Amino acid sequence: SQQGEEDPQALSIQEGENATMNCSYKTSINNLQWYRQNSGRGLVHLILIRSNEREKHSGRLRVTLDTSKKSSSLLITASRAADTASYFCATVDSDNYGQNFVFGPGTRLSVLP
Amino acid sequence: EAGVTQFPSHSVIEKGQTVTLRCDPISGHDNLYWYRRVMGKEIKFLLHFVKESKQDESGMPNNRFLAERTGGTYSTLKVQPAELEDSGVYFCASSQVTGYSGEQYFGPGTRLTVT
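The listed protein sequences derive, respectively, from chains A and B. Number 78 in our numbering belongs to position 78 of the first sequence; there are no gaps in the numbering. Number 1055 in our numbering belongs to position 55 of the second sequence; there are no gaps in the numbering.
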């Protein structure tokens, strides 16, 4: 089965800097989604990028998708302390009618004031 | 519009006890999913309901876990008897359309601690 894998597993930056997280997956997908989990809280949907898209923006977020390399990156610009959280990419195997997500282990982002 | 809700937010039980988690999906969403994140590891799929039917339960770890969705509305996930390794955060998600990989809306999760 496919598996999203984030890289790096942990990232620590200063407020105002940019943070880049990468994700790899193994099978064909319809789309790839990024989620955030603040400590002890639920998952928040950040952005969805479809398999026919290469780049997508939403506010301070920029996501790229390279289906030939089966990888995606999430860039957070001008980071803030409130961005401190775990970030997960999630994919669904395009052959999986059930659509259950496969998440990677996540990247723990710490933004220091 | 109300989002996905889960109850309780946190449960602490002893090994061998029973716990029932509840998920209320967004109204009108036929698809309901359960996931869990154990010991800070990756989030793993448990099962998927379409209305009241189990579409896919391939992620259920063992027969100590029982999920139901009577009437196709809210769902419960019962762990009986609970073991230490069951500790983690249990997420529920719902989506509107089957057969289309769209966004799943997640609840806040239930943090289960088995001591």
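What the hints contain is simulated information worked out from the structure, not anything from laboratory work. Don't take each hint at face value.
Here are the in silico distance ranges between beta carbons for each label pair [claimed, not checked]: (1) B:1051 / A:77: 25 to 31 Å; (2) B:1061 / A:12: 45 to 51 Å; (3) A:17 / B:1038: 40 to 46 Å; (4) A:26 / B:1103: 20 to 26 Å.
Taking lysine-lysine pairs in the DSBU-like style, the calculated list, with each CA pair at most 30 Å apart, reads [to be verified]: (5) B:1041 / B:1054; (6) B:1041 / B:1015; (7) B:1044 / A:70; (8) B:1015 / A:26; (9) A:69 / B:1078; (10) A:56 / A:69; (11) A:69 / B:1044; (12) A:56 / B:1044; (13) B:1078 / B:1041; (14) A:70 / A:56; (15) B:1015 / B:1054; (16) B:1015 / B:1044; (17) A:26 / A:56; (18) B:1054 / B:1044; (19) A:26 / B:1041; (20) A:70 / B:1078; (21) A:69 / A:26; (22) B:1054 / B:1078; (23) A:26 / B:1054; (24) A:70 / A:26; (25) A:56 / B:1078; (26) B:1078 / B:1015; (27) B:1078 / B:1044; (28) B:1078 / B:1051.
Model, not experiment: these values are computed from the prediction. For every residue, glycine included, the Cβ atom is placed at its ideal position computed from N, Cα and C.
Right, here's what the structure says about each hint:
no.: 1; hint: B:1051 / A:77: 25 to 31 Å; result: 42 Å, violated
no.: 2; hint: B:1061 / A:12: 45 to 51 Å; result: 33 Å, violated
no.: 3; hint: A:17 / B:1038: 40 to 46 Å; result: 32 Å, violated
no.: 4; hint: A:26 / B:1103: 20 to 26 Å; result: 22 Å, holds
no.: 5; hint: B:1041 / B:1054; result: 25 Å, holds
no.: 6; hint: B:1041 / B:1015; result: 21 Å, holds
no.: 7; hint: B:1044 / A:70; result: 20 Å, holds
no.: 8; hint: B:1015 / A:26; result: 37 Å, violated
no.: 9; hint: A:69 / B:1078; result: 40 Å, violated
no.: 10; hint: A:56 / A:69; result: 17 Å, holds
no.: 11; hint: A:69 / B:1044; result: 24 Å, holds
no.: 12; hint: A:56 / B:1044; result: 26 Å, holds
no.: 13; hint: B:1078 / B:1041; result: 21 Å, holds
no.: 14; hint: A:70 / A:56; result: 16 Å, holds
no.: 15; hint: B:1015 / B:1054; result: 28 Å, holds
no.: 16; hint: B:1015 / B:1044; result: 22 Å, holds
no.: 17; hint: A:26 / A:56; result: 21 Å, holds
no.: 18; hint: B:1054 / B:1044; result: 17 Å, holds
no.: 19; hint: A:26 / B:1041; result: 19 Å, holds
no.: 20; hint: A:70 / B:1078; result: 37 Å, violated
no.: 21; hint: A:69 / A:26; result: 9 Å, holds
no.: 22; hint: B:1054 / B:1078; result: 15 Å, holds
no.: 23; hint: A:26 / B:1054; result: 26 Å, holds
no.: 24; hint: A:70 / A:26; result: 7 Å, holds
no.: 25; hint: A:56 / B:1078; result: 40 Å, violated
no.: 26; hint: B:1078 / B:1015; result: 14 Å, holds
no.: 27; hint: B:1078 / B:1044; result: 17 Å, holds
no.: 28; hint: B:1078 / B:1051; result: 18 Å, holds
In this structure, the earlier hints numbered 1, 2, 3, 8, 9, 20, 25 are contradicted, and the remaining ones agree with it.
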